[in-house]
Amino acid sequence: MPEQPQPLLSVRNLTVAFPSLHAVPPAVRGVSFDVGREKVGIIGESGSGKSTTGRAVMRLHPSATRITADRMEFQGENLLAVSERRMQAIRGHSMAMILQDPKYSLNPVMTVGEQIAETAILHEKLSRRAARRRTLDMLEKVHIRDPERVMGLYPHEVSGGMGQRIMISMMLIARPALIIADEPTSALDVSVRQQVLTILDELVGANSMGLLFISHDLNLVRSFCDRVLIMYSGRIVEELPANALDKATHPYTRGLLEALPSLLHPKDRLAVLRRDPAWAKT
Amino acid sequence: MIEVENLTVAFGHGPRANRVVRGIDMTVGAGECFGLVGESGCGKSTLLGAIAGRVKHWQGAITIAGEKVGPVKRPLAQLRRQQMVFQDPFGSLHPRHTIDRTLMEPLRIHGIADREARVEKALEQVGLPGRFRFRYPHQLSGGQRQRVAIARALILEPSILLLDEPTSALDVSIQAEILNLLKDLRERSGLTYVLVSHDMAVVAHLCDRIAVMQDGVFVEISSRDAMIRDEVHHPYTRMLREGSLGYRPAAAVPPG
Ligand SMILES: Nc1ncnc2c1ncn2[C@@H]1O[C@H](COP(=O)(O)OP(=O)(O)OP(=O)(O)O)[C@@H](O)[C@H]1O
Ligand SMILES: Nc1ncnc2c1ncn2[C@@H]1O[C@H](COP(=O)(O)OP(=O)(O)OP(=O)(O)O)[C@@H](O)[C@H]1O
Ligand SMILES: [Mg+2]
Ligand SMILES: [Mg+2]
Chain A
1 MPEQPQPLLS VRNLTVAFPS LHAVPPAVRG VSFDVGREKV GIIGESGSGK STTGRAVMRL
61 HPSATRITAD RMEFQGENLL AVSERRMQAI RGHSMAMILQ DPKYSLNPVM TVGEQIAETA
121 ILHEKLSRRA ARRRTLDMLE KVHIRDPERV MGLYPHEVSG GMGQRIMISM MLIARPALII
181 ADEPTSALDV SVRQQVLTIL DELVGANSMG LLFISHDLNL VRSFCDRVLI MYSGRIVEEL
241 PANALDKATH PYTRGLLEAL PSLLHPKDRL AVLRRDPAWA KT
Chain B
1 MIEVENLTVA FGHGPRANRV VRGIDMTVGA GECFGLVGES GCGKSTLLGA IAGRVKHWQG
61 AITIAGEKVG PVKRPLAQLR RQQMVFQDPF GSLHPRHTID RTLMEPLRIH GIADREARVE
121 KALEQVGLPG RFRFRYPHQL SGGQRQRVAI ARALILEPSI LLLDEPTSAL DVSIQAEILN
181 LLKDLRERSG LTYVLVSHDM AVVAHLCDRI AVMQDGVFVE ISSRDAMIRD EVHHPYTRML
241 REGSLGYRPA AAVPPG
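Here the protein sequences line up with chains A and B, keeping their order. Going by my numbering, the first residue of the first sequence is number 1, and it counts up by one from there. Going by my numbering, the first residue of the second sequence is number 1, and it counts up by one from there.
Just so you know, not all the hints are guaranteed correct.
[Unchecked claim] Calculated Cβ distances over 12 Å to all of chain B for the following chain A residues:
id: 1; residue: Met110
id: 2; residue: Arg165
id: 3; residue: Glu183
id: 4; residue: Lys267
[What the hints assert, rightly or not] Distance condition first, Cα-Cα at most 20 Å in a straight line; then the derived SDA-like pairs of lysine to any residue:
id: 5; chain 1: A; residue 1: Lys267; chain 2: B; residue 2: Arg108
id: 6; chain 1: B; residue 1: Lys56; chain 2: A; residue 2: Val158
id: 7; chain 1: A; residue 1: Lys267; chain 2: B; residue 2: Arg186
id: 8; chain 1: B; residue 1: Lys121; chain 2: B; residue 2: Arg108
id: 9; chain 1: B; residue 1: Lys183; chain 2: A; residue 2: Leu260
id: 10; chain 1: B; residue 1: Lys183; chain 2: A; residue 2: Val158
id: 11; chain 1: A; residue 1: Lys247; chain 2: A; residue 2: Asp226
id: 12; chain 1: B; residue 1: Lys73; chain 2: B; residue 2: Pro95
id: 13; chain 1: B; residue 1: Lys56; chain 2: A; residue 2: Leu153
id: 14; chain 1: A; residue 1: Lys267; chain 2: B; residue 2: Asp230
id: 15; chain 1: B; residue 1: Lys56; chain 2: A; residue 2: Tyr154
id: 16; chain 1: A; residue 1: Lys141; chain 2: B; residue 2: Arg108
id: 17; chain 1: A; residue 1: Lys267; chain 2: B; residue 2: Arg224
Simulated from the structure, these hints should not be mistaken for lab results. Using N, Cα and C, we set each Cβ at its ideal position, and we do this for glycine too.
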């Protein structure tokens with residue numbers, strides 16, 4: 001792999017604390033990582049701070065949230081210092097996030113077709129009519145059946161997996177330099193998932209895009225990503241080449257691998273993880 | 001326990017109506033776990049919604065525990081018998097209700113005593129600390145919200161659970177705990193499940209029979225053993241089974 005001169009995103013010692021009446025530890029505690037033009041996976045415990053990390057990079061948290069870092073740079077720009085206005089431009093054009101509940105990040109009173117077309121008008125300066133054509137193409141590209149009909153639906157009328165693909169189709173139009181995708185394919189059947197991931201794979205390869213891919217699917221991360229970060233209780237506890245996930249040494253990661261049900265080797269009861277309070281310290 | 005005959009669900013009217021579920025028959029025995037897998041958008045959530053009483057304009061017949069149910073206005077006692085865990089917990093939890101209220105409300109509606117103890121037990125079963133009771137849904141992670149939705153379904157001690165992707169937002173260690181809990185409940189209290197999931201390993205782990213759905217119909221119903229031993233027949237079933245083994249870069253996928 002060639003030396004990567006400057007990563008797209010560079011984060012050092014990121015800490016995120018939500019306001020609280022009680023003394024709770026910050027949701028993210030001193031996290032450091034880089035993302036280059038590659039696919040970086042994040043797996044980890046439910047509630048370990050994966051989505052919070054992604055939202056902090058996008059600056060999507062409410063202002064009462066305390067975010068500190070020694071460094072949080074995107075394409076050389078200090079994300080902690082840029083104005084809200086500049087941040088909006090970055091979010092619109094160079095960095096985008098697919099949220100964990102995509103249907104609820106769409107505008108509920110606009111049809112999905114109108115929303116995709118709006119993206120096309122903004123990014124590709126298309127006319128209304130051309131934008132409509134483009135919307136149909138995109139829906140087809142993410143393998144949505146009967147795109148003519150789906151264009152006219154409101155977000156609450158589409159299925160879980162259709163919502164995810166609608167968000168992905170908007171990414172394909174906006175073509176940001178970095179996509180933070182929070183479980184973007186959890187509601188897709190394996191064949192559609194394979195097709196959608198192939199599209200993302202091409203974007204990373206051909207457009208030299210960076211992808212931060214949050215997922216609970218160990219087999220998927222192992223086979224799709226280049227590197228993987230493992231989070232536990234607000235920290236990154238381990239980092240590995242994705243195809244070496246089996247060689248993980250942290251007891252949390254080992255426990256995950258053992259808890260995985262297997263089609264070929266069924267068991268009556270799955271192994272459960274005994275969480276050691278010491279993992280949350282160091 | 002559940003009998004569905006020639007069930008059809010359409011959205012919209014007249015010639016532009018979209019028939020999402022097209023004449024499905026299914027029978028789920030008491031204490032059985034019935035799995036449902038299939039293409040995204042093929043009608044799985046809609047089918048579950050019709051059984052749960054959430055989707056109201058269907059045709060055909062649904063019988064639950066020997067009682068015929070209608071598309072609208074089901075009596076409270078009938079509704080309590082089956083509980084559903086929705087695919088998108090964010091949409092099914094009231095954004096301005098605390099977790100405590102979300103869990104208390106069904107108990108209150110059905111006039112159940114001992115609420116305090118039941119709420120505590122339900123949270124413990126899904127591995128959430130008691131301090132989360134006073135949070136709102138947006139203050140929880142995706143997987144924590146999902147577990148609240150599971151707790152809410154368990155709290156009424158239903159005899160049927162309709163589970164729409166209940167563990168896809170959970171890390172596999174918590175998924176293992178939930179799947180073990182579901183197995184325990186079934187062995188202890190004879191619960192009946194219908195489980196929708198895209199993860200074939202999860203479905204095969206829990207379910208006795210697995211229906212494969214495409215475009216509103218079942219193309220195959222396979223036994224658990226047949227799925228594990230690769231004795232399934234329909235090409236779509238075979239593809240889902242193959243695909244459940246991981247992502248393959250485009251170059252490695254044979255054309256066609
Ligand atoms: N707005 C908020 N106020 C208070 N606490 C919050 C808020 N949002 C998240 N949290 C807490 O911060 C922690 C990290 O949440 P986050 O959503 O980042 O988890 P996650 O790793 O994405 O988990 P999951 O895999 O379940 O989605 C959780 O314990 C959560 O309850
Ligand atoms: N309220 C509605 N109005 C119009 N169409 C709807 C409505 N609800 C669902 N549909 C349509 O019904 C079809 C099936 O949706 P359903 O949610 O049942 O799919 P699914 O099998 O659960 O898919 P997924 O695996 O992606 O969640 C989709 O084409 C969807 O657009
Ligand atoms: Mg999350
Ligand atoms: Mg669904």
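| said: Check the hint pairing Lys267 of chain A with Arg108 of chain B against an upper bound of 20 Å on the C-alpha distance. | reply: Violated, at roughly 39 Å.
- Item | Restraint status (C-alpha distance of Lys183 of chain B to Val158 of chain A at most 20 Å) | violated, 31 Å
*asked:* According to the definition I'm using, a residue is off the interface if its beta carbon is farther than 12 Å from all beta carbons of the partner; does Met110 of chain A meet that for chain B?
replied: At roughly 17 Å from the nearest Cβ of chain B, Met110 of chain A sits farther out than 12 Å, so the non-interface label holds.
Is the straight-line distance between the alpha-carbon of Lys121 of chain B and that of Arg108 of chain B 20 Å or less? At roughly 16 Å apart (the allowed maximum being 20 Å), Arg108 of chain B and Lys121 of chain B satisfy the hint.
* Asked: For Glu183 of chain A, which was marked as not at the interface, is the minimum beta-carbon distance to chain B over 12 Å?
  -> Contrary to the label, Glu183 of chain A does not stay out of reach of chain B, its closest Cβ about 7 Å off (not over 12 Å).
Lys267 of chain A non-interfacial with respect to chain B [C-beta, more than 12 Å]: Its Cβ does come within 12 Å of chain B, the nearest being 8 Å, so this is violated.
Quickly compare the C-alpha distance for Lys56 of chain B and Tyr154 of chain A to 20 Å and report which way the hint goes. At roughly 19 Å apart (the allowed maximum being 20 Å), Tyr154 of chain A and Lys56 of chain B satisfy the hint.
Is Lys267 of chain A within 20 Å of Asp230 of chain B, Cα to Cα? holds, 17 Å
message = For a C-alpha distance cap of 20 Å, please report whether Lys267 of chain A and Arg186 of chain B respect it.
response = holds, 16 Å
Item to check | Pairwise hint evaluation, Asp226 of chain A against Lys247 of chain A, where the allowed Cα distance is 20 Å at most | outcome: holds, 15 Å
Original post:
Within a Cα-Cα threshold of 20 Å, do Lys56 of chain B and Leu153 of chain A meet the stated pairing?
Top reply: Between Lys56 of chain B and Leu153 of chain A the Cα gap is close to 19 Å, so the pair holds against 20 Å.
Taking only the CA atoms, is the gap from Lys183 of chain B to Leu260 of chain A under or equal to 20 Å? holds, 16 Å
Comparing the model with each numbered hint stated earlier shows that hints 2, 3, 4, 5, 10, 12 and 16 do not hold.
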